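Numbering (our numbering), first residue to last: 1 to 103.
Simulated from the structure, these hints should not be mistaken for laboratory data. Being a predicted model, the structure only gives us computed values, none of them experimental. There's no promise every hint is true.
Said to hold, decoys possible - Pairs of lysine-lysine residues, derived as DSS-like cross-links and limited to a Cα-Cα distance of at most 27 Å, are as follows:
| hint | residue 1 | residue 2 |
| --- | --- | --- |
| 1 | LYS72 | LYS4 |
| 2 | LYS75 | LYS4 |
| 3 | LYS80 | LYS7 |
Unchecked claim - Here are the computed distance ranges between Cβ atoms for each label pair:
| hint | residue 1 | residue 2 | range |
| --- | --- | --- | --- |
| 4 | TYR50 | ARG6 | 43 to 51 Å |
| 5 | PHE68 | LEU48 | 24 to 32 Å |
| 6 | PRO85 | ALA26 | 39 to 47 Å |
| 7 | GLU12 | PRO85 | 22 to 30 Å |
| 8 | THR45 | ILE17 | 39 to 47 Å |
| 9 | PRO85 | LEU24 | 17 to 25 Å |
Built from N, CA and C at the ideal position, the CB exists for glycine as well.
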Amino acid sequence: MARKRRKKRKLEFSKLILVFETVLVAYVSHRVLGFVGRAIELDYTGSLPYLTTFISAVWAAYGTSVSFYQSKSGKENIKKIEIAPPVSYTDTDFGYENDDRDC
């Protein structure tokens, strides 16, 4: 019995970038929060403006990437919907019989 081989879907480059950036943002956030936690444990009373600036910049870049990725995928999906065959649904597709009763 021969099995059909599924065509292996190649991961899109934009998805790969987004996954990599998600991992990077999570790692950076974890390290910064760990450093801040250590500063609290050692009763550090100074300010940490460089850390807040760094983490803000990382999250801003991530937000921009996600926004552009969603815009790109939305445009791609519109193209896919336009070329897809039309779908028609009837009441019998959902298990309903049309017997002219209200409710």
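Structure-based check of each hint:
{"no.": "1", "hint": "LYS72 / LYS4", "in the structure": "violated (32 Å)"}
{"no.": "2", "hint": "LYS75 / LYS4", "in the structure": "violated (32 Å)"}
{"no.": "3", "hint": "LYS80 / LYS7", "in the structure": "holds (19 Å)"}
{"no.": "4", "hint": "TYR50 / ARG6: 43 to 51 Å", "in the structure": "holds (49 Å)"}
{"no.": "5", "hint": "PHE68 / LEU48: 24 to 32 Å", "in the structure": "holds (30 Å)"}
{"no.": "6", "hint": "PRO85 / ALA26: 39 to 47 Å", "in the structure": "holds (41 Å)"}
{"no.": "7", "hint": "GLU12 / PRO85: 22 to 30 Å", "in the structure": "holds (24 Å)"}
{"no.": "8", "hint": "THR45 / ILE17: 39 to 47 Å", "in the structure": "holds (40 Å)"}
{"no.": "9", "hint": "PRO85 / LEU24: 17 to 25 Å", "in the structure": "violated (41 Å)"}
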